[in-house]
Structure formats: C-alpha cells, structure tokens
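Asker: So the protein sequences, as listed, match chains U and P.
Residue numbers for the first sequence follow the working numbering, beginning at 1 and rising by one.
Residue numbers for the second sequence follow the working numbering, beginning at 1 and rising by one.
Check each hint, because a few of them may be wrong.
To be verified - Label-pair distances were calculated between CB atoms; the ranges are:
1) P/D84 <-> U/I246: 33 to 43 Å
2) U/R261 <-> P/G113: 52 to 62 Å
3) U/Q253 <-> P/A13: 55 to 65 Å
4) P/H189 <-> U/Q178: 24 to 34 Å
5) P/I78 <-> U/Q178: 25 to 35 Å
6) P/G113 <-> U/P99: 57 to 67 Å
What the hints assert, rightly or not - A few chain U positions that, by computed beta-carbon distances, are all more than 12 Å from chain P:
7) S22
8) A26
9) Q43
10) I87
11) F104
12) A107
13) L123
14) H179
15) L182
16) Q245
No lab work stands behind these hints, which were simulated from the structure alone.
Backbone N, C-alpha and C define an ideal beta-carbon position, used for all residues, glycine too.
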Amino acid sequence: MSRAADLASDRRPANQGLQRLSWALASLATLVLIWTVASTVAQSRHLPGPGTVFGLVVYEAQTGALWISLAATLLRVAAAFTAAMLIGSAIGLAMGRNPTADKFFDAWLILFLNLPALVIIALSYVWLGPYETTAILAVAINKIPNVAVQMREGARNLSRDLDEMAAVYKLGWLKTLQHVTLPQLAPFFAASARSGLALVWKIVLVVEALGGHATGVGHKIYVAFQSFDVGMILAYALAFIVVIQIVEHTLLQPLQARLNRWKR
Amino acid sequence: MNVHTPPADIAAAPAVRIAVAAKTWPPVAGRPAHTVLRAVNLDIAPRSFVVVSGPSGCGKSTLLNIVAGLDRDYNGSIAFGAADARLSFIFQSPRLLPWKTVQENIEIVLPDGDRRRANIPELLSRVGLSGAQSAFPERLSLGMQRRVAIARGFVVEPDILLMDEPFVSLDDPTADALRTLVLELWHRHPTTVLFVTHDRREAVRLATRIIRLGGPDATAGDTGDNAGGRRSSVVADHNVTLSLDERCSAEHLLAEQVRVFGA
Numbered sequence: 001m002s003r004a005a006d007l008a009s010d011r012r013p014a015n016q017g018l019q020r021l022s023w024a025l026a027s028l029a030t031l032v033l034i035w036t037v038a039s040t041v042a043q044s045r046h047l048p049g050p051g052t053v054f055g056l057v058v059y060e061a062q063t064g065a066l067w068i069s070l071a072a073t074l075l076r077v078a079a080a081f082t083a084a085m086l087i088g089s090a091i092g093l094a095m096g097r098n099p100t101a102d103k104f105f106d107a108w109l110i111l112f113l114n115l116p117a118l119v120i121i122a123l124s125y126v127w128l129g130p131y132e133t134t135a136i137l138a139v140a141i142n143k144i145p146n147v148a149v150q151m152r153e154g155a156r157n158l159s160r161d162l163d164e165m166a167a168v169y170k171l172g173w174l175k176t177l178q179h180v181t182l183p184q185l186a187p188f189f190a191a192s193a194r195s196g197l198a199l200v201w202k203i204v205l206v207v208e209a210l211g212g213h214a215t216g217v218g219h220k221i222y223v224a225f226q227s228f229d230v231g232m233i234l235a236y237a238l239a240f241i242v243v244i245q246i247v248e249h250t251l252l253q254p255l256q257a258r259l260n261r262w263k264r
Numbered sequence: 001m002n003v004h005t006p007p008a009d010i011a012a013a014p015a016v017r018i019a020v021a022a023k024t025w026p027p028v029a030g031r032p033a034h035t036v037l038r039a040v041n042l043d044i045a046p047r048s049f050v051v052v053s054g055p056s057g058c059g060k061s062t063l064l065n066i067v068a069g070l071d072r073d074y075n076g077s078i079a080f081g082a083a084d085a086r087l088s089f090i091f092q093s094p095r096l097l098p099w100k101t102v103q104e105n106i107e108i109v110l111p112d113g114d115r116r117r118a119n120i121p122e123l124l125s126r127v128g129l130s131g132a133q134s135a136f137p138e139r140l141s142l143g144m145q146r147r148v149a150i151a152r153g154f155v156v157e158p159d160i161l162l163m164d165e166p167f168v169s170l171d172d173p174t175a176d177a178l179r180t181l182v183l184e185l186w187h188r189h190p191t192t193v194l195f196v197t198h199d200r201r202e203a204v205r206l207a208t209r210i211i212r213l214g215g216p217d218a219t220a221g222d223t224g225d226n227a228g229g230r231r232s233s234v235v236a237d238h239n240v241t242l243s244l245d246e247r248c249s250a251e252h253l254l255a256e257q258v259r260v261f262g263a
C-alpha cells in the first residue's frame, strides 16, 4: 500500500532547480564580466559595454519603440510557428501512415530540408511580393520540413499493440485518437515545437530585415546595422532573447513536462 | 421455480463456434506462403475455461487473434452465441496506456454509461492493487502491470475472455499467484475463457477443457505449397474435472498432465 502510494507521487527535490539556476547565473555573470573587460580594453564604439547596452534597452522601452517592435515580431513568430506546426504535422502524419506517400514525397522533403533559408526568403518575396503573408509563409516553409520529419518519426512508431487493444475493447475512433494515438505523438510534437521556436524567431528577424518591413525587431536591427550602431543591435537582440526564454520556460517546457509526466 | 432455466437447445448453444478452414500467411521476403491452421473446428461451451496448447509456432496466438477479430484474413467463420458478445483480451504483454494511471487504464475500456456502475476500487482491491490506482504503469513491476491488465479484462464483464500466455516472463510464485487470481475472478464472474499457453502444467491448473493444436512436422517429408508450414489442427481434446483444491496439489496436477499430454 505505502509502496504504491510512494510510486504515485515521486517528486523531484526542489533544490535541484535552485542549483541549476545558480549555475546559469554564475555562467552568465562570467560572460558579462568578459564582455566588460573586452569593451574596456577595446575602447571602440563598435563594442559598447554591458552598461551602455542595458541603458539603450531601458531608453527604447521608455520611448515605447521596444514594445512595438517586440509585439510586431512576436505576432509574426506566433503566426509562422502555428502554421509550420499545423502543416508540418499534417504532412508528417500522412507520410508516416502511408508508405506510398512516404516513398514519393521523401525526395521533396530532403530537397526542402536542404534548401537554404535565404533562397526560400528571396524567392518568396520575388514571387509573392512584399506583404505580411509573404513573411509568415517564408518563415513557415523554412520550418515545415523539420516538423514533418519529426512527426513522421512519431507516426511510424505508433504502437500496433495499443491499436489492437483499442480495437478489441471497442474504444471507437474518437477515444482511440484522443487517448491512444495523440498521446503517442505528443512527445514528438513537443520536441519539434521547442526546436521550432528557436529556429522560427531567428528566421523571422532575417525576413523582417530582407523583406523591407517597417516594423519588428529585425527591422530595428537592420536600421541599426546601416549606421553600424552595435549598441542598438545588441540591445534589441538581448531584449528578444529574454522574451523567447520567457516563452520557452513559461509555456513550452511546462507543456513538455506535463506530456512526459508518466515516464519513468 | 424453473423459470430461469433456458430451453435445452439454447443452453447447449456454444458461446463461440470456431470454424477456421484455413489460415495462410502470405509470402514474406523469399519465404513461400504457408498455411498455419487448417480445419480447426471447435464449439466452445458457455462458461468453460478452454486452454489451447501446442508447441510454439503452431498458430495458437493466430487462432486467438482470429477469434478477437484482429485478424480477418482467413477462410472460415467465427460465430458468437450472443449477437453483441462483449470481448476482452489479456495480451502477452500488458498493453497498458503508459500516460494513463492504473484507474484510468481500467476505466477507459468501459462504455461511458457503465463507468459509474463498475466498482473499480473493489476490483482493484481484489486484484491486489489498492493504493496504486493513481500510479502510472511504467512505475509498477511487470507483475503489477499484469494485474492491471487482468482487472481491465474483467471490468467489462466480458462474454468471451481471451488470454494469450498472460503470465510469461514472470517468476514462478508471481505467475502462480496470478493464476489463482484469475481462477478466483473467473469463479466470481463466470465467463467463457479461451486461454493460450504452451505450459502444460499451467494448462491443467486452469482448464476445464484442453485443446491441443499440432500437425505434421515440416521435416516429415512435407512438400509442395506447405513446405515450412505446420498446418496445425486439433490433435487432442480433453475435459479436465479437477476441483479447486486439486488444482493446488502438485500430485493431482502431475497426474492430470500425464493423462492429457502423455508422459
């Protein structure tokens, strides 16, 4: 009885998280220190120190420009991310479940996996014009093949044993999908979502710069780059890294932990 | 008070009528097609505990999959006594949903209307899983997982309960405790059981009837389209009439084993 109850709970020690946090803080502090020393030695306006960059972040936040840019970019990230996850999952599942589709489209998948992001972006703007949807589509196309590959792996590994169990006990297609099939795909979905976010936000910045959009973090960095304003480039980059880390830790990691909570 | 006694012809109707004319595996990777089952005709009486035994590869599990409706690629027919017969299958591996707790794994096979009626806590305590209802299966031992699978098999109150070597890869005491558990549950909820095993002692320990599958060996000059196949059919059919006490006595089991399988 007590053994079973122990098995049911099982919590990680709380200080493990604290320990990880202190390691991260120590390593970041070291990085800031190296940065300070380097900028002091260099004495160049091309390498401003952490204080200067932090001041710029505060200044941009006060004028409101930071928030407007962050919001514009985050919206593009969200739209492109959602589109890539949906379309990529659909393609991956179809290929994982249907051997003929898999054989036929495999070559396409390899082609798109190896197509440089720059080529996809350039062609999108040439063919579709400088619109908002072009930006989102260009980013999504860059990510779709990765999602498709991971979801195909998940679909290929669906358990026939559990399918048979569901069939014998007559669970019906809806219960089978909800409780048998989707939970098997969830870890693959979560993994591709996490790697997807990291890829998508980087490409969104490139698209914003190359596509001549008048808003967004990518636009700000592009403008700063034209006047070699390294301080501003770093200010916006750091602000966006912080935002993405918040999304990662408050949304994606808890989601993944919840999906995997049954694992030993 | 004879009202509840059904007419003789209905009482005699089998719970399952198995008529497998032939089950042939298609050719795979250079191996020719081969017939694994031929002319397997069996009437399974209601509430009997029928053990299907035979050497490995003789098609026991295949027969069970055919009865379960998981394998429809065969010649012949399976007819159930009740038109909407409820089936349970306790598989060789527990086949639990690892992302569901013990209780959820049992509940999920119940039709939505039956969930409240089924007394799951009582069932769990009877299979020795009280206190583990909110554990995830992967944190349990294999023996405990098997108990969950047994509870799941019984909770739907099946008309037909299929079991495919459900106690393999357990140590002897654990396996024997589970055999006792299955017998107890079967006495409490009488149902028709089809149980596959190659373990002769297990067969006589559980069965009210033992069916042995077997056939001409591939090495015995078999040629033509069946080279390599066993073409199993029923080679022996015994009733076992041991009492519950006798089933726990090694002496009785051994004597029965000799009677059914030979020395």
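Asker: Is the Cβ of U/A26 more than 12 Å away from each Cβ in chain P?
Answerer: Label holds. Min Cβ-Cβ 35 Å, cutoff 12 Å.
Asker: Per the stated criterion, does the least C-beta distance between U/L182 and chain P lie above 12 Å, as a non-interface residue requires?
Answerer: Violated, since 10 Å does not exceed 12 Å.
Asker: A range of 57 to 67 Å was offered for this pair. Does it hold for the Cβ distance of P/G113 and U/P99?
Answerer: violated, 39 Å
Asker: Can we trust that U/S22 is non-interface, i.e. its beta-carbon lies farther than 12 Å from all of chain P?
Answerer: holds, 30 Å
Asker: Just to be sure I understand the hint, the distance between the Cβ atoms of P/H189 and U/Q178 should be within 24 to 34 Å; is that true here?
Answerer: holds, 29 Å
Asker: With respect to the beta-carbon atoms only, verify the hint that P/I78 and U/Q178 lie 25 to 35 Å apart.
Answerer: holds, 30 Å
Asker: Quick one: work out the minimum CB distance from U/Q245 to chain P and report holds if it exceeds 12 Å, violated otherwise.
Answerer: For U/Q245, whose nearest Cβ neighbour in chain P is about 28 Å away, the distance exceeds 12 Å, so it holds.
Asker: Could you tell me whether the CB distance from U/Q253 to P/A13 stays inside 55 to 65 Å?
Answerer: holds, 60 Å
Asker: Find the nearest Cβ of chain P to the Cβ of U/H179 and say whether that gap is larger than 12 Å.
Answerer: At about 6 Å from chain P, U/H179 fails to clear the 12 Å cut-off, so the statement is violated.
Asker: Check the non-interface label on U/A107: least C-beta distance to chain P beyond 12 Å or not.
Answerer: holds, 25 Å
Asker: U/Q43 clear of chain P by more than 12 Å, beta carbon to beta carbon?
Answerer: Given a closest Cβ separation of 58 Å, the condition holds.
Asker: Can we confirm that no CB of chain P comes within 12 Å of the CB of U/F104?
Answerer: Per Cβ check, U/F104 is outside 12 Å of chain P; nearest 23 Å; holds.
Of the numbered hints given earlier, the model fails hints 1, 2, 6, 14 and 15; all others are met.
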